[in-house]
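A.B. asks: Sequence:
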Amino acid sequence: MSRALGPEAPAAPPVEPAHAIDEAGGTTAQHAERASVDTTVFDGVRDRATAIVARYPQPRSALLPLLHLVQHVEGHVSRAGIAFCAEVLEITTAEVSAVATFYTMYKREPVGRHLVSVCTNTLCAALGGDDIYAAVRERLGGIGHEQTSADGTATIEHAECLAACDLAPVLTVDYEFFDKQTVESAVEIIEALQRGEKPHPTRGAPLNDFRSVELLLAGFFDDPAVGGLAAVAGPSAAEESLRGARLAEERGWTAPPVPDEGGSA
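Take the position in the sequence shown, starting the count at 1, then add 26; the result is the number in this note's numbering.
Please keep in mind that the hints were generated in silico from the structure rather than gathered at the bench. Don't be surprised by glycine CBs; every beta carbon is placed ideally from N, CA and C. Hints may contain errors.
Said to hold, decoys possible - Cut-off 30 Å, straight-line C-alpha distance, at most; resulting in silico cross-link-like pairs (DSS-like, lysine-lysine):
#, residue 1, residue 2
1, 224, 133
2, 206, 224
3, 206, 133
Claimed, not checked - Restraint ranges, calculated between C-beta atoms of paired labels, are given here:
#, residue 1, residue 2, range
4, 255, 131, 44 to 52 Å
5, 124, 156, 27 to 35 Å
6, 210, 264, 38 to 46 Å
7, 275, 87, 33 to 41 Å
8, 85, 269, 20 to 28 Å
9, 172, 85, 27 to 35 Å
10, 120, 81, 22 to 30 Å
11, 260, 148, 55 to 63 Å
12, 170, 249, 30 to 38 Å
13, 131, 81, 16 to 24 Å
14, 284, 105, 46 to 54 Å
15, 271, 120, 42 to 50 Å
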């Protein structure tokens with residue numbers, strides 16, 4: 027015995043797989059994740075973010091300074107910071123994370139009031155960099171690489187090279203140079219920071235703090251919030267670095283001419 031079939035039920039709408047790429051260049055799951063993260067901590071800098079993006083013909087080119095802006099706000103690149111950058115630039119959080127985890131200047135854990143970077147590469151290490159690093163670690167409570175002292179004064183890190191071999195051993199505080207260091211002088215710098223002081227670097231601008239420097243690195247060089255143009259004023263070259271050029275000038279030495287494409291000078 028046969029039974030008549032009723033009207034055919036409407037087909038269910040297709041479910042978009044979580045890995046499907048949408049028009050914004052990301053997956054449905056990625057954009058859902060971005061939307062679920064609270065980024066209101068950055069509401070006060072959205073105008074700054076817009077100004078950063080306006081500097082570039084392609085918005086995604088603004089990612090590096092935008093990440094520095096994020097660190098100015100939070101002292102590191104948080105999950106919210108990644109979502110904020112992705113939102114502003116209309117890219118995926120995966121693309122932001124790929125950049126934030128590649129460059130060592132972007133920190134994934136909160137940094138203290140100051141970032142102390144001790145060069146432990148070959149020449150600095152041979153001239154005492156390892157001993158300086160050990161002494162600074164001890165003075166900050168025995169913390170290790172990329173860890174922050176209990177009082178929040180500083181985060182310490184090994185630096186592979188600070189490009190000041192002629193002034194080794196060196197360390198930087200918030201990326202400003204302290205050249206020709208000894209264990210004793212390095213400990214004095216840390217003790218001054220712990221007292222709330224800001225010792226003057228050997229070269230570079232007067233010390234401020236890590237978050238203020240991040241605003242400078244985001245490109246706001248004359249901002250009153252970080253001291254205006256005085257925040258980036260200061261000598262950047264040392265006599266040792268200039269000696270070769272000055273000696274050549276005194277003696278009339280010049281580099282050989284560059285051959286033209288035909289091979290003649």
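A.B. asks: A separate judgement is required for each hint: does it hold in the structure or not?
C.D. replies: Going down the list of hints, with the structure as the test:
Pair hint residue 224 plus residue 133 holds up; C-alpha atoms about 22 Å apart against a cutoff of 30 Å. At most 30 Å may separate the alpha-carbon atoms for a hinted pair to count; residue 206 and residue 224 meet this at roughly 18 Å. Taking the CA atoms of residue 206 and residue 133, the gap is about 27 Å. The hint holds against a cut of 30 Å. One distance hint, 44 to 52 Å for the beta-carbon pair residue 255 and residue 131, is violated here, with the actual separation near 22 Å.
A beta carbon spacing of about 32 Å between residue 124 and residue 156 agrees with the range 27 to 35 Å that was offered as a hint. A C-beta distance of roughly 21 Å is found between residue 210 and residue 264, which places it outside the suggested range of 38 to 46 Å. A beta carbon spacing of about 39 Å between residue 275 and residue 87 agrees with the range 33 to 41 Å that was offered as a hint. At about 45 Å, the CB distance of residue 85 to residue 269 disagrees with the hint of 20 to 28 Å.
Between residue 172 and residue 85 the beta carbon distance is about 31 Å. The supplied range of 27 to 35 Å therefore holds. At roughly 24 Å, the beta-carbon separation of residue 120 and residue 81 lies within the given 22 to 30 Å, and the hint holds. For the pair residue 260 and residue 148, the supplied restraint of 55 to 63 Å is violated, since their beta-carbon distance comes to about 28 Å. Our hint of 30 to 38 Å for residue 170 and residue 249 holds, since their Cβ atoms are close to 34 Å apart.
Between residue 131 and residue 81 the Cβ separation comes to about 19 Å, which falls inside the hinted range of 16 to 24 Å. Taking the beta carbon of each, residue 284 and residue 105 are about 50 Å apart, inside 46 to 54 Å as hinted. At roughly 46 Å, the beta carbons of residue 271 and residue 120 sit within the given window of 42 to 50 Å.
Figure legend: structure checked against the earlier numbered hints; hints not met, in rising order: 4, 6, 8, 11.
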